[in-house]
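Quick note on numbering: the sequence shown equals residues 6 to 177 in the numbering used here.
Derived pair list, reagent style DMTMM-like, types lysine to aspartate or glutamate, alpha-carbon separation capped at 25 angstroms: (1) K30 x E15; (2) K30 x E98; (3) K30 x D45; (4) K31 x D139; (5) K31 x D87; (6) K31 x E98; (7) K31 x D16; (8) K30 x D16; (9) K31 x D45; (10) K30 x D139; (11) K30 x D87.
For each label pair, taking beta carbons as the anchor points, the in silico distance ranges come out as: (12) A142 x T8: 50 to 56 angstroms; (13) L77 x Q101: 27 to 33 angstroms; (14) Q135 x T8: 42 to 48 angstroms; (15) Q101 x M64: 16 to 22 angstroms; (16) A142 x D43: 38 to 44 angstroms; (17) P119 x D45: 16 to 22 angstroms; (18) P93 x H122: 30 to 36 angstroms; (19) H18 x A142: 35 to 41 angstroms; (20) Q19 x Y99: 18 to 24 angstroms; (21) A90 x N17: 31 to 37 angstroms; (22) R78 x D43: 18 to 24 angstroms; (23) Y99 x N17: 23 to 29 angstroms; (24) P93 x P119: 30 to 36 angstroms.
FYI, nobody ran anything at the bench for these hints, they're computed from the structure. All figures in this text were calculated on a predicted structure; none of them were measured in a lab. Every residue, glycine too, gets a C-beta built ideally from N, C-alpha and C.
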Amino acid sequence: TGTETASLQEDNHQTIEQILLTARKKNNGIRALLLIADGDVFGVSANSESAAGPVVRDMEAVYDSEIYQGALRAGGYPFWYDSAAETPHLFFEYPQSSFGITSCATLSYQVTDPDSHTPCGVLICCVSPQYFADALAEYSTQDGGNTFIIGENSMLEGISAGFSAPAFPADQ
Numbered sequence: 006t007g008t009e010t011a012s013l014q015e016d017n018h019q020t021i022e023q024i025l026l027t028a029r030k031k032n033n034g035i036r037a038l039l040l041i042a043d044g045d046v047f048g049v050s051a052n053s054e055s056a057a058g059p060v061v062r063d064m065e066a067v068y069d070s071e072i073y074q075g076a077l078r079a080g081g082y083p084f085w086y087d088s089a090a091e092t093p094h095l096f097f098e099y100p101q102s103s104f105g106i107t108s109c110a111t112l113s114y115q116v117t118d119p120d121s122h123t124p125c126g127v128l129i130c131c132v133s134p135q136y137f138a139d140a141l142a143e144y145s146t147q148d149g150g151n152t153f154i155i156g157e158n159s160m161l162e163g164i165s166a167g168f169s170a171p172a173f174p175a176d177q
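All chains, please: the whole structure from these sequences, using the hints.
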């Protein structure tokens, strides 16, 4: 019946949001975690203690974004993207926020139905570059190495960036 279907859908929504919240709480490097499926948005952001998460104000812009389209093109493989130019316009931490989530790299992944293997949504994870820096910090104490996280348009983070580069003559 209609009531049972609505109740089942509500239970499914709560289960999905609880799974996302648990995943976000286990990793402080996640700025936002969203699942976009059938026009619905499920998500949690870094500052939420409940499953009330990032606000999407323009679904068409999300569908047209490189974050979403890249996941579709990757066909079930993870798609990493330097999303600093896109996320501030797509995802907002709170409904009243005037500026969106900034300074993150984004992992997006096309989710498929386990039975039919048909696409049913896209999981989007906005990760702070500091998370990568913290994860690689132990390598910074080793001699002779530097680690950089490079995005498409700029360096996102440098770990132990105390290096010297060769001097290039002015005429070259």
